[in-house]
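Using the sequences and the hints, build the whole thing.
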Amino acid sequence: MATHSMKGIARACILALAVVGAAPACTGRIDDPVGTRPRDRNGAGSVGAAGAGSVGAAGAGSVGAAGAGSVGAGGTGTTPPGGPASLTGARAFGRQAARRLSHSEYRRAVEDALGITLGTDADSLPSDPGEPFDNEYRRQFASAAWIEGSKSVADKIAAKVVADDATRIRLSGCAPTGPTDAKCLTQFVNNVGRRLLRRPLLAEEVTELLRFQSFAQTDGNFWTSAAMALRTLLQDLEFLYRIEIGAPVAGEAGLFKLNDYEVGARLSFLLWGSGPDDGLLDSAAQGRLQTSTQLRDAATAMLQSPKALRQLQNFHAAWFGYESLPHPEVLSGALVAETNALIQRVVLDERRSWLDLFTATETWISSAMHGALYGLSMPASGQPGWVSYGATGRKGILSHGSVLSNGTKATDTSPTLRGVFIRMRVMCQEVPPPPPNVNNALPPSDAATPCKADRYTAHRTDPSCSSCHSLLDPIGFGLENYDSAGRYRTQEPNTSNCPISGRGDVPGLGPFRGPAELTDLLLKGGRLDRCLSIHLYQFAMGRPADSGDETTPDALLAQFIRSGYRVDQLLLDLVTAPAFQHRWVE
Amino acid sequence: MTRTLSRRAVLRGLGGAAISLPLLEIMLDRRAEAQAAGARRFLVVFGGVSTGPLVAPKMTGANYDLGVGLTSLGGRQADPLLPYDSVQSEFSIVSGLRIPTGSPPPAAGRQNGFHSSHQSPLLSGVRSNTLNDGPLGHANAKTMGPSSDQLVMPVLSAGTKFPSLEYRAQPEVYREPDPNKGIMSWKKDAAGAVVPNPPMSSPKVAFDQLFRGFVPGDPAGAARQQALAAQDKSVLDLVKNRSQRLMSKLGAEDKQRLQRHFEEIRQLEMRISQIGSTPVDASTPDASCKPVADPGTDPSVSVTGGASRGIGWANEEARSQIMADMIAQAFICDLTRVASFMLTYAQCFVSGKTICGNSSDLHEIGHGAGTTTQMAQIVSWHLKFVAGLADKLRSVQEPDGNILSKTAIVFLTEGGWANDPHSTEAMMVAIGGRAGGLKPGKHIIATGKHPASVVLSAMKAVGYQGVLGEVTTDIPELFV
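Chains as they are written, first to last, in the working numbering: chain A, 74 to 659; chain B, 962 to 1441.
FYI, nobody ran anything at the bench for these hints, they're computed from the structure.
Fair warning: there could be bad hints in the mix.
Unchecked claim - Which bits of chain B does chain A cover? Going by a derived footprint, with three or more residues having C-beta under 8 Å, they are:
{"no.": "1", "region": "1022 to 1029"}
{"no.": "2", "region": "1163 to 1172"}
Stated by the list, open to error - Taking CB as the label site, the calculated pair distances span:
{"no.": "3", "chain 1": "B", "residue 1": "Gln1228", "chain 2": "A", "residue 2": "Asp370", "range": "30 to 38 Å"}
{"no.": "4", "chain 1": "A", "residue 1": "Gly162", "chain 2": "B", "residue 2": "Val1262", "range": "37 to 45 Å"}
{"no.": "5", "chain 1": "B", "residue 1": "Gln1220", "chain 2": "A", "residue 2": "Thr240", "range": "29 to 37 Å"}
Glycine included, every Cβ here is placed at the ideal spot set by N, Cα and C.
Okay, structure coming up:
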């Protein structure tokens, strides 16, 4: 390896500080917030002490399917901190507010309710940035852009629905006898309105919508009034927002018991990321969403739906940052399909410990090109299927090209950025920003510092750099044998004399080489399960936990451990908690 | 019906983009009032880039050198591919500016940490907050005071159809989502809290909103439009009434949360109600006031790279041009007199391929993935939309002068240069137009002055008499 120059040192320090982003002087401390309350911004609550002892869910844990590399009950040895956290109180979820449908929820709610594909029709709606999820309601602000956008999209959707004979007949359930066929319009309005507003329409509401018949009469076209009714419903506050009112609970100030339809909507947006279907609405109508058992039964059935799988896959993709990938379309598709297949297998098909996502010893290979990326062959059948990692040194989701695509820069992987990704997204820790006004131009390789390790020397030798970078870079260097698509390599790209050692270290946890050994360290350190609880809490509540919450992600973590790290069970625990049927306002 | 407005020739730069539609009466009336009153216009533009070391002119005073970064101001005389004449004489460059930095931030300063603590002092003149809670520990981009456009709005916009326009050409952030990085207009709500005023990012929706009131001249087209407007009005009436009923059932927090939505519905419904029914005689209207061509479906968004290195392209070239044209027409038709225009997000992850031939994103190009020349090209790319817009305003004559002569335009960038783009040292601002006695066409080195001082100069030029947050002084040299 070439020796470094002082110039290279200076530049390298600059580089790595910059990739984290410029800000106050790095304290050299990766923040594990202390206390039982999560921090306001990211919900990063207290960190379970590494190896603090197993909680040991009774009889739970992975079923240990062949090739799964499962982790047994309590395998991470995490004790949820903060005392006896629970989900038992009716106020456990903290304050709730009207949440606007996110861009993706809007899209799915419309497509599911109307049975159409929106394509680019919804693109006029402003996007909802995710950090990592796009449903953070405290970041939603009504604006002329949103209102004009929702009008524009509603107009397009209505035009699309009434232009297609099969769709409009399906939604109305009738063929109009003339422009002012009130019966048929009533059917259309009732059918569509119930799905979009997530409750049956009142008689007077139907009457109001039927007034659009005057326009149909003028036009001589029944579908003019249907389109206008649909445009109204799509711009209605009760469609655009998840409105919850409920009924006051006697003697409990600020506490409201949700009605069955409101509970149904909570279920569907949590488990499906979309509005309730006719079956769920029927359950609400029949009063079958009231008891804990009823809710568990309903949710169990909902988890069988492809919509639940889609929701879980979207949750993981947003969390682990592979919603879009920097590769050619075919490769990106193969990598996402691989990770989606693992999620499906572990979480829903085989109902195993969620930790098996990280310990799986098999992966889904969809093509020869995809297999070659990992040095694997297609299944003997020649069809896409599960293939053992064998001796490739890979294990679980952290070996996937989808996840390894994180933390890369334009030309190659960035050990610092990968370190940041692992710290923040996988370990749920906060990384302090670097000092202000640093020169963070990427130091090019030159004769003096042709190798990446040399250009990062300053991170180790300059105290002002090393205080933080020593906590980040070693993680990234332990993954350097894997390029930005997860392909194994032994040499730095475009060099002939820069071998990659692949040696890494998670300070405080130990040395490792490659994603499999990193996974072992993270499991041993008890980071992964807690990070799931933090992210699931944020995803479910539409905001990170904050100091006003009566409970914390720790309560989910305790439940998660008790369930044997089963995400499906955790979701059932969530929806059967008393707070799921209540709204609390201070 | 005969209008009293003077008819002008179709002006340079409009012919290709405009379609020949007569105007709604109310717009012509507004236009006439604007001419009579000598109405001033205010436009603030932002590009999420740092200037780099090559942009500020070397020469001071008039006839300053343009260099790569300011080429766009030179129009077709500097680059034959640019579709407008030089506006160099209409713009002054103020360089040597700085936003002070500290922890806690000083007055009108920013908190240590770059993206995007500059936003508050730059846009509102108020020091940033002290949080570093953005993605990856970045600074908080929330702006702590009302922005310049919202402060000048009460001075300029009484009676206009749109009190202000807020546009953004880059539709999505593409990476490290922080919505505040995409918002440059901030205002105070009824409770006095500073709240975002998010921009329109869809050219199509912006077009529909802006030109909804233009009625086709042919009777059939006009009748069709009127029928659709009647439907729109009926639908929105019901949406509004339903909203009102629902709001009465909500708790205080939800009610407050949805109030803004309701207000926007009400305003939309009001704008639609204003659509008249009588097409104007095609022979009379002012030829310069007309809709731009319907942009049709928005250019698609393409993002690659995942959460940590997303790079996006949504044809920001076309989006910027369409929106610049719409702002120009909104000023010409006096639909509004105030606009904010964010070309790119702060910390911009737009692909540089079309812009400067470098496929990395604009942020990375500033950090070693590109050259300082490319950084300058990127600044010039942003500036060309401002320059082209200015040229359009200059080409429209009113009795008391062309519209640019009554307009103040400010172009701001995110950062300056201190051997690194993560800096608010050596910042540069371009200010154009001749409103209020502005004397453009020179390069002024205002060492150590605040970039918001240039913004305040533009605000004063259009009649504003207050301060911009904690920035109280303007740049007097701009008026002499």
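What are the numbers of the hints the structure violates, in ascending order? 1 and 3
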